[in-house]
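Asks: Chain residues, written in single-letter form:
2 protein chains.
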Amino acid sequence: MTDKFQQLADKIDAALLTGDNTAIATILAEIASAEIARLLESLPPKERLSVWAQVAPKRCAKVLLALPQPQRRALIHHTDKAKLIAGLSQMQMDELADIDADLPMPVVSAMVQAMDSQRRQRYELVRDYPDQSAGGLMDVDISALRADVSIKAALRYLRRLRQREGQLPEHLDSLMVVDRNNTLVGIIPLSLLVSSEMDTSISELMSTEITSFTPEMSASKVAQVFKDKDLLSAPVVDAEHKLIGRITVDDVIDVIQDEADKALYSQAGLNNHPDLFAPIVRSASRRALWLGINLLTAFLAAWVIGLFEAAIEKVVALAVLMPVVASMGGVAGSQTLTMVTRGLALDQINRNNIIKLIGHEFGIGALNALLWASLVAFIALKWFGDWQLGLVFGLAMVIVLITGVLAGASIPVLLKKIGIDPALAGGVVLTTVTDVVGFFAFLGLATLFIL
Amino acid sequence: MTDKFQQLADKIDAALLTGDNTAIATILAEIASAEIARLLESLPPKERLSVWAQVAPKRCAKVLLALPQPQRRALIHHTDKAKLIAGLSQMQMDELADIDADLPMPVVSAMVQAMDSQRRQRYELVRDYPDQSAGGLMDVDISALRADVSIKAALRYLRRLRQREGQLPEHLDSLMVVDRNNTLVGIIPLSLLVSSEMDTSISELMSTEITSFTPEMSASKVAQVFKDKDLLSAPVVDAEHKLIGRITVDDVIDVIQDEADKALYSQAGLNNHPDLFAPIVRSASRRALWLGINLLTAFLAAWVIGLFEAAIEKVVALAVLMPVVASMGGVAGSQTLTMVTRGLALDQINRNNIIKLIGHEFGIGALNALLWASLVAFIALKWFGDWQLGLVFGLAMVIVLITGVLAGASIPVLLKKIGIDPALAGGVVLTTVTDVVGFFAFLGLATLFIL
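Each protein sequence line maps, in turn, to chains A and P. 87 is the number that our numbering gives to position 87 of the first sequence; each next residue is one higher, with no gaps. 45 is the number that our numbering gives to position 45 of the second sequence; each next residue is one higher, with no gaps.
A few of these clues could be false.
Since the list can't tell identical chains apart, any single copy or any two copies may satisfy a pair.
To be verified - Below, simulated DSBU-like cross-link-like pairs (lysine-lysine); rule was C-alpha separation at most 35 Å, straight line:
{"hint": "1", "residue 1": "Lys314", "residue 2": "Lys262"}
{"hint": "2", "residue 1": "Lys4", "residue 2": "Lys416"}
{"hint": "3", "residue 1": "Lys314", "residue 2": "Lys417"}
{"hint": "4", "residue 1": "Lys242", "residue 2": "Lys4"}
{"hint": "5", "residue 1": "Lys416", "residue 2": "Lys46"}
{"hint": "6", "residue 1": "Lys11", "residue 2": "Lys229"}
The set of hints was computed from the structure by calculation and includes no laboratory data. In this text the structure is predicted, and so the values were computed from the model without any measurement.
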């Protein structure tokens, strides 16, 4: 951990021990909302609530937004309704729409009733888009220019807008340009606005090659385009190309980080952003599902071994060596699996190269198979003094290593084809295949050649 | 894969088949440089070179920058020096510094010689910082304002700057404010510049609470701060707080994505961004290392089994069931391992909560241990009709599941303490522990109670 966070944790811990709420409030006032969120996540339930109580009301909204959903829900559940309403009243409409599902109904109603008609309209516009869509990501507090005005007039408009609204939208790097029907016609970066002659018209400066999104597009697709084109912000338009919102890169970063986390967690059958200190029974039951699935596949492998009880009874060395075969197949396969799963997510694997890729992986698997098969055959020979055992061990290793890479390459493609997330299920299916093939090959070959 | 990329791949494939280079060039002209890079990565070596030859010289730089290093090196190796020099001559200095290590020496020398003295100075400033540092990320083409000028004067300055340089720096959302010694004194967002009265002075508008970085700071730390504070750009200053560069969020996104990819790949012992079509011998030898490490741990587990040959000879059912014990321990442990490894990376696990966390995990492990131990004991009893075997199987399951979660929680913390990346080594160490403990507990208990 970095020193800064360790110091922070130490200070909070000391303040919690002495019950010094003022000290906690002072510490929190000095760090960013996202840091408060990370700090809260690191605390056990009781301490988490004590610290949360010291978050200044005006910062509650940003902290709640920065928390993963389960942790956010738990905090909201323990927060006084009046404090929630006070803390959330300054929220932007798109932010409110992101967390309204986690708020108690009376709080949401109270907030909606307190809105002026413009804000209510904006809120109702974004509310119904799913979080993981362009519509869910977008901000509706947008300020657009007309193409036929001069820079001078545009600056005058922006001054008035800021006076009226108190501030311009956050993270403003460019302005959208629309016609009188609110149809998007261009984008002008602020850097051009501040470095051009005052009498230039917006239409001369604006870029008309616009990357825009429709509200239904998936957040993941939006993130890929932001990365590919190095965007800071981009407009969201409806089917008639009318401007309805703006997506900024800070929200896109959250999408990128979330997707990466999800890929990591789902490999272990965890839900995204597991709460370190979720109630034990809840955590245990969530993890039990994954353990249950793996138990099934383990018993499948055990059943394969059971078919060869007679062989093991005669040559106990088979029992000693068989886990080596299965585990090497799993490791070889998981390397290919990881690469192919990621390649699929990056659109780098498609029907045009999958056959070549499987051939390429076969080559890699075959080379490693020869190397390790010779080595393990030699070890088995030296260990048990039985050249037949060594031969069977080596042969099984060849079979399982090649099976591993072929399965690793094809399983994610097949899973994706039938609509199952390869990052979630790939590992389990792969292990099942390599275990079953590994045990079957080794014990089967032994039955044929040794007994 | 998305339809768009599949269509792209189909079109490129068709053009490659007919050798229609004009068609390839036309397709490439319509997509972003990062998309060209992803397309190149998806192609086998021969096809990759054919498509690369059709990339317009002026886009070579951006495409090379968007490629992972090994793939970039391979392409550069196959590219004519004159084309490289022509393609890279318009590169920004910080971009050149990112890839100069991959370029042939004569190309770098030719480019340095062609630079004017200002550009050469800038290049030499960034060249020596490692890629994964704030210095390596920063852009040195910066334009700063003085605090005592009015907005009107600032805009005049920016107009002249753009006339002189052709354009303002990319991704400009704010301007740095410095004093006459180039010491950073403030930051002013462009949105304030375009929405304030012309006679306001910069000092009235600028923010003096600045998040800045020193060039030595790690890129990973920079990325965390960008995420925590939702920054679009931030200044880099030297020890005397003099302004030396600017980091923009588009480069930070690359860092975030790279770190996430690294966490994923390193679990499988792969280098970051493995080339799908790297030469077979090279790929095989890279993967061999990981297989070798895993072979060692597998033989360690085999040696444990070997200690109990006599037990297995008498009760073959032990051989059938023992992989189930080891595999369940591994699965339970990997859930905790994944969560704790990620928690460490997020600074959410520290000396203040690690003991509580281990206690919490113990609770989760114990609950699941009771559940699954009873179930597997019952299954073993029904399968082999031996209640002693069922009892031993259940007991071993309790031991290995609890060992799994405890090891999963403590291994990453210990690895980090001794300076080893938990994401890389955690899985191997965990599997070794759960295999050895699982086999030892099951076969050892059996020796005590059954024989």
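Asks: If a hint holds in the structure, say so; if it does not, say that too.
Replies: Here is what the structure says about each hint:
1. In this assembly of identical chains, Lys314 and Lys262 lie within 35 Å of each other by CA distance neither inside one copy nor across copies; the values are 47 Å within and 46 Å between.
2. In this homomeric assembly, Lys4 and Lys416 come within 35 Å of each other (Cα to Cα) only across copies, at 17 Å, whereas the closest approach inside a single copy is 42 Å.
3. Proximity of Lys314 to Lys417 under the C-alpha cut-off of 35 Å is found in neither arrangement, the shortest distances being 45 Å within a copy and 47 Å between copies.
4. Taking the shortest Cα distances, Lys242 and Lys4 sit within 35 Å of each other only across copies (24 Å), while inside one copy they are farther apart (47 Å).
5. With identical chains, the CA atoms of Lys416 and Lys46 are at most 35 Å apart between copies only, with a shortest distance of 28 Å across copies and 42 Å within one.
6. In this assembly of identical chains, Lys11 and Lys229 lie within 35 Å of each other by CA distance solely across copies; the values are 21 Å between and 43 Å within a copy.
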